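Novice: Each chain, letter by letter, is given below.
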Amino acid sequence: MTFIELIKQPWPWYVAGPIIGLMVPTLLIFGNKTFGISSSLRHVCAACFPAKIPFFQYDWKKEIWNLFFVFGIFLGGIITALYFKNDAAVVVDPRLITELSGYGIADFSGLVPAEIFSWASLATPRGFILMVIGGFFVGFGTRYAGGCTSGHAIMGLSNLQLPSLIATISFMAGGFIMANLLLPFILSL
Amino acid sequence: MIINKKDTNTDFEVRSLDAICKNQEAVELPMWHNLQYLAFGVAFGIVLIKSEVISWFRIQEMFRLQSFHMFGVIGSAVAVGALSVFLIKKFKIKSIHGEEIILPEKTFNKGQIYGGLLFGFGWAMTGACPGPLFAQLGYGAIATSATILMAIVGTWVYGLLREKLPV
Numbered sequence: 095m096t097f098i099e100l101i102k103q104p105w106p107w108y109v110a111g112p113i114i115g116l117m118v119p120t121l122l123i124f125g126n127k128t129f130g131i132s133s134s135l136r137h138v139c140a141a142c143f144p145a146k147i148p149f150f151q152y153d154w155k156k157e158i159w160n161l162f163f164v165f166g167i168f169l170g171g172i173i174t175a176l177y178f179k180n181d182a183a184v185v186v187d188p189r190l191i192t193e194l195s196g197y198g199i200a201d202f203s204g205l206v207p208a209e210i211f212s213w214a215s216l217a218t219p220r221g222f223i224l225m226v227i228g229g230f231f232v233g234f235g236t237r238y239a240g241g242c243t244s245g246h247a248i249m250g251l252s253n254l255q256l257p258s259l260i261a262t263i264s265f266m267a268g269g270f271i272m273a274n275l276l277l278p279f280i281l282s283l
Numbered sequence: 006m007i008i009n010k011k012d013t014n015t016d017f018e019v020r021s022l023d024a025i026c027k028n029q030e031a032v033e034l035p036m037w038h039n040l041q042y043l044a045f046g047v048a049f050g051i052v053l054i055k056s057e058v059i060s061w062f063r064i065q066e067m068f069r070l071q072s073f074h075m076f077g078v079i080g081s082a083v084a085v086g087a088l089s090v091f092l093i094k095k096f097k098i099k100s101i102h103g104e105e106i107i108l109p110e111k112t113f114n115k116g117q118i119y120g121g122l123l124f125g126f127g128w129a130m131t132g133a134c135p136g137p138l139f140a141q142l143g144y145g146a147i148a149t150s151a152t153i154l155m156a157i158v159g160t161w162v163y164g165l166l167r168e169k170l171p172v
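Sequences listed follow chains H and Y, in order.
For the first sequence, the positions run 95 to 283 when this note's numbering is used.
For the second sequence, the positions run 6 to 172 when this note's numbering is used.
These are computed hints drawn from the structure, not numbers from a lab.
Every value quoted in this text rests on a predicted model; they were computed, and no experiment measured them.
Heads up, a few of these hints could be off.
[Stated by the list, open to error] SDA-like cross-link-like pairs, simulated, lysine to any residue; straight-line CA separation at most 20 Å:
no., chain 1, residue 1, chain 2, residue 2
1, Y, 99, H, 147
2, Y, 115, H, 256
3, H, 156, Y, 33
4, H, 155, Y, 38
5, Y, 115, H, 257
6, Y, 95, H, 120
7, Y, 99, H, 146
8, H, 155, Y, 93
9, Y, 95, H, 124
10, H, 155, Y, 39
11, H, 102, Y, 39
12, Y, 169, H, 148
13, Y, 99, H, 179
14, Y, 97, H, 119
15, H, 155, Y, 75
16, H, 146, Y, 38
17, H, 146, Y, 168
18, H, 155, Y, 33
19, Y, 115, H, 116
20, H, 156, Y, 94
21, Y, 115, H, 254
22, H, 156, Y, 75
23, Y, 95, Y, 105
24, H, 155, Y, 99
25, H, 156, Y, 168
26, H, 155, Y, 40
27, H, 146, Y, 104
28, H, 156, Y, 41
29, H, 102, Y, 75
30, Y, 94, H, 155
31, Y, 94, H, 120
32, H, 156, Y, 104
33, H, 179, Y, 48
34, H, 146, Y, 169
35, Y, 95, H, 116
36, H, 156, Y, 100
37, H, 155, Y, 95
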């Protein structure tokens, strides 16, 4: 197996996790920046439509590194699609495959199920709820909580912050409630 | 535009309100220095996709406790991050520009619970947190742009309602 072929395979957790963890000291040492991504959404609001709201009245240009970082994540996605793409479907637990097939989800080739996350599906009840309402929750919830998986779960926990532990537990609790109790209803719409 | 000292202070106060990124280097660096963050972002985006942690299917597995994968990634990331922060504090490691590294303390408010639960809902629905949304879009999930737009709208509405929300 060549190196490129190896890279194209899904990376195991013990490779990916430590690399993600290394983002914390890298950002601190190279620029005294704390790892966090959801703030970029706030900077976009402050830059594009501040609308005299106090929360968006700050000099977003001082945080521009964060926008470079998320643009890099976007480019990373493009580069992976062009050079390191793995055409095999994601391998998940058979119980999940059975459950999702009950909702007409059978395409496991992408990062998201093609049956739901498409333009055409935006007009369907379940597509609208998952993409539009779900996206709103991501933006509203992360800002209300003061951070997301990167800022709280990884950076905050690395710095042993109790508020970040509370936030992370809340993220997980919300996810468990949604995935197990609410999503079966939404997916059957 | 005239900015007096008071305005400048207010600006800093507002900027630091529940923001994660409130560090600021004392040194003024030229704009091209930001390209390093672009490079870090590229690396981060590649890892997110190749480790499948931004796969909607992997997120569903995690929240159904059907796989260890996601917990392994987050757990080992926190372990490496915590060890790094410990070493930085212990040896008082400075940034490459010779500055003392600042690690902000967070204060508790109920938003971390209410907002956290709402974000948890969104995470399980979209299969993504804010970073992964951009990676999903780059990887070719074009319809994710609708989700990103709504995440920006959600952030904006939070800013609008901020004073009225329980904390």
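Novice: Work down the list of hints and note, for each, if the structure agrees.
Specialist: Against the structure, the hints:
With a C-alpha separation of about 36 Å, the suggested pairing of residue 99/Y with residue 147/H is violated against the 20 Å cut-off. Simply put, residue 115/Y and residue 256/H have alpha-carbon atoms about 13 Å apart, close enough for the 20 Å limit, and the pair holds. The hinted pair formed by residue 156/H and residue 33/Y meets the criterion: a straight-line CA distance of about 10 Å does not exceed 20 Å. About 14 Å separates the Cα atoms of residue 155/H and residue 38/Y, which keeps this hinted pair within 20 Å; it holds.
Proposed proximity of residue 115/Y and residue 257/H is supported: the alpha carbons are some 9 Å apart, at most 20 Å. Of the supplied pair hints, the one linking residue 95/Y and residue 120/H holds, its CA atoms being roughly 17 Å apart against a limit of 20 Å. Of the pairs offered as hints, the one joining residue 99/Y and residue 146/H is violated, with about 38 Å between alpha carbons and a cut-off of 20 Å exceeded. Annotation: proposed proximity of residue 155/H to residue 93/Y is violated, straight-line Cα distance about 28 Å (limit 20 Å).
For the hint linking residue 95/Y to residue 124/H, the alpha-carbon distance of about 18 Å falls within 20 Å, and the restraint holds. A distance of roughly 11 Å separates the Cα atoms of residue 155/H and residue 39/Y; the hinted pair therefore holds under the 20 Å criterion. For the proposed pair residue 102/H and residue 39/Y, the alpha carbon gap of about 29 Å is over 20 Å, so the pair is violated. Only pairs whose Cα atoms come within 20 Å are accepted, and residue 169/Y paired with residue 148/H is accepted, the gap being roughly 13 Å.
Between residue 99/Y and residue 179/H, the direct Cα distance comes to roughly 38 Å. Violation of the 20 Å bound is thereby established for this hinted pair. At roughly 13 Å between alpha-carbon atoms, residue 97/Y and residue 119/H fall within 20 Å of each other, so this suggested pair holds. Simply put, residue 155/H and residue 75/Y have alpha-carbon atoms about 34 Å apart, too far for the 20 Å limit, and the pair is violated. For the suggested pair residue 146/H and residue 38/Y, the alpha carbons sit about 31 Å apart, so the restraint of at most 20 Å is broken.
For the proposed pair residue 146/H and residue 168/Y, the alpha carbon gap of about 14 Å is at most 20 Å, so the pair holds. Our distance criterion of 20 Å between C-alpha atoms is met by residue 155/H and residue 33/Y, whose separation comes to about 13 Å. This hinted pair does not check out: residue 115/Y and residue 116/H have alpha carbons roughly 30 Å apart, beyond 20 Å. This hinted pair does not check out: residue 156/H and residue 94/Y have alpha carbons roughly 25 Å apart, beyond 20 Å.
A C-alpha spacing of about 18 Å is found between residue 115/Y and residue 254/H, which places the hinted pair at or below 20 Å, so the restraint holds. Restraint check for residue 156/H and residue 75/Y: not satisfied, since their Cα atoms lie roughly 33 Å apart, outside the 20 Å limit. Restraint check for residue 95/Y and residue 105/Y: the C-alpha separation of about 12 Å stays at or below 20 Å, so the hint holds. Proximity of residue 155/H to residue 99/Y is assessed by CA-CA distance (about 24 Å); at most 20 Å being required, the pair is judged violated.
Among the hinted pairs, residue 156/H with residue 168/Y is inconsistent with the structure: their alpha-carbon atoms are about 24 Å apart, more than 20 Å. The hinted pair formed by residue 155/H and residue 40/Y meets the criterion: a straight-line CA distance of about 15 Å does not exceed 20 Å. Taken as a hint, the residue 146/H and residue 104/Y pair is broken in the structure, with Cα atoms around 34 Å apart against an allowance of 20 Å. For the hint linking residue 156/H to residue 41/Y, the alpha-carbon distance of about 16 Å falls within 20 Å, and the restraint holds.
Restraint check: the Cα-Cα separation between residue 102/H and residue 75/Y comes to about 19 Å, which is no more than 20 Å; the hinted pair holds. For the given pair, residue 94/Y sits about 29 Å from residue 155/H by alpha-carbon distance, which is inconsistent with the 20 Å threshold. The straight-line distance between the Cα atoms of residue 94/Y and residue 120/H is roughly 14 Å, inside the 20 Å bound, and the hint therefore holds. The straight-line distance between the Cα atoms of residue 156/H and residue 104/Y is roughly 17 Å, inside the 20 Å bound, and the hint therefore holds.
A hinted pair counts as satisfied when its Cα atoms are at most 20 Å apart, and residue 179/H with residue 48/Y qualifies at roughly 15 Å. Restraint check for residue 146/H and residue 169/Y: the C-alpha separation of about 16 Å stays at or below 20 Å, so the hint holds. In summary, the hint linking residue 95/Y to residue 116/H is supported, as the alpha carbons are separated by about 17 Å, within the 20 Å threshold. Distance hint between residue 156/H and residue 100/Y is fulfilled; the C-alpha atoms sit about 18 Å from each other, no more than 20 Å.
With a C-alpha separation of about 32 Å, the suggested pair residue 155/H and residue 95/Y falls outside the 20 Å cut-off, and the hint is violated.
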